[in-house]
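*Asks:* Spelled out from the first residue to the last, the chains are:
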Amino acid sequence: ETGVTQTPRHLVMGMTNKKSLKCEQHLGHNAMYWYKQSAKKPLELMFVYNFKEQTENNSVPSRFSPECPNSSHLFLHLHTLQPEDSALYLCASSQGQGSTEAFFGQGTRLTVV
Amino acid sequence: GENVEQHPSTLSVQEGDSAVIKCTYSDSASNYFPWYKQELGKRPQLIIDIRSNVGEKKDQRIAVTLNKTAKHFSLHITETQPEDSAVYFCAAAMFSGGYNKLIFGAGTRLAVHP
Numbered sequence: 482e483t484g485v486t487q488t489p490r491h492l493v494m495g496m497t498n499k500k501s502l503k504c505e506q507h508l509g510h511n512a513m514y515w516y517k518q519s520a521k522k523p524l525e526l527m528f529v530y531n532f533k534e535q536t537e538n539n540s541v542p543s544r545f546s547p548e549c550p551n552s553s554h555l556f557l558h559l560h561t562l563q564p565e566d567s568a569l570y571l572c573a574s575s576q577g578q579g580s581t582e583a584f585f586g587q588g589t590r591l592t593v594v
Numbered sequence: 557g558e559n560v561e562q563h564p565s566t567l568s569v570q571e572g573d574s575a576v577i578k579c580t581y582s583d584s585a586s587n588y589f590p591w592y593k594q595e596l597g598k599r600p601q602l603i604i605d606i607r608s609n610v611g612e613k614k615d616q617r618i619a620v621t622l623n624k625t626a627k628h629f630s631l632h633i634t635e636t637q638p639e640d641s642a643v644y645f646c647a648a649a650m651f652s653g654g655y656n657k658l659i660f661g662a663g664t665r666l667a668v669h670p
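Chain order of the listed sequences is A and B.
Each residue of the first sequence is one higher than the one before, counting from 482 in the working numbering.
Each residue of the second sequence is one higher than the one before, counting from 557 in the working numbering.
Calculated from the structure, these hints are not laboratory results.
Since the model is a prediction, treat every value here as computed from it, not as a measurement.
Any given hint might turn out to be false.
Pairwise CB distance ranges (calculated) [claimed, not checked]:
| id | chain 1 | residue 1 | chain 2 | residue 2 | range |
| --- | --- | --- | --- | --- | --- |
| 1 | B | V576 | A | H558 | 36 to 46 angstroms |
| 2 | B | K624 | A | P489 | 41 to 51 angstroms |
| 3 | A | A520 | B | S568 | 32 to 42 angstroms |
From chain A, some residues computed to sit far from chain B (all C-beta separations above 10 angstroms) [to be verified]:
| id | residue |
| --- | --- |
| 4 | T488 |
| 5 | G495 |
| 6 | M496 |
| 7 | T497 |
| 8 | K499 |
| 9 | K503 |
| 10 | E525 |
| 11 | R544 |
| 12 | F545 |
| 13 | P550 |
| 14 | S567 |
| 15 | A568 |
| 16 | T581 |
| 17 | A583 |
| 18 | V594 |
Even glycine gets a Cβ: it sits at the ideal position worked out from N, Cα and C.
Given only the sequences and the hints, what does the whole structure look like? Please build it.
*Replies:* See below:
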């Protein structure tokens, strides 16, 4: 275990549903990230939070809404998604302060029907 | 912004052979280059990384080389074993402001045949 936990592991949702992905890290890190992993494509950086403040939004559609209430928790709120949003969503965290390794969670496999 | 190209997309070797995966990046300001291994159904995990002030780094059977002038870096795995079979991702980042903006390559699926 790397200390980054994501729930749920699998999620099937309809295009009109609203759901949330959760990420929790117990490593004392200050930076947290959302990545999207689709088949045969690079891991795509979606959002970065540093000390609870959003520092990066990589032109992500507004149907994805992140929330970071504290440095240990990160959410991704989903609404009115499209089938092409089906993918593995990975959360990661890193220490900052000169340490550069990013630790990943096991991901949420999302299927939009 | 940064763009990372990774080749080959698939690589098949016999056990005991060497495997080489190559990446190029576009942003000359990038200063941190990690490699991640992702086994089937598992999370990506860091296997080795290199910073821009170093040209080569080795850890047992794996090594990474960096050519900053040409903006490319490579992963070398020697004496491959079946458990090396996985998808390998390179990434480039500029560490700034207390966090990494890691930009990944598309991945290389390595198959090591006994």
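*Asks:* Of all the hints numbered above, which does this structure not satisfy? Sort the numbers upward.
*Replies:* 3, 10, 16, 17
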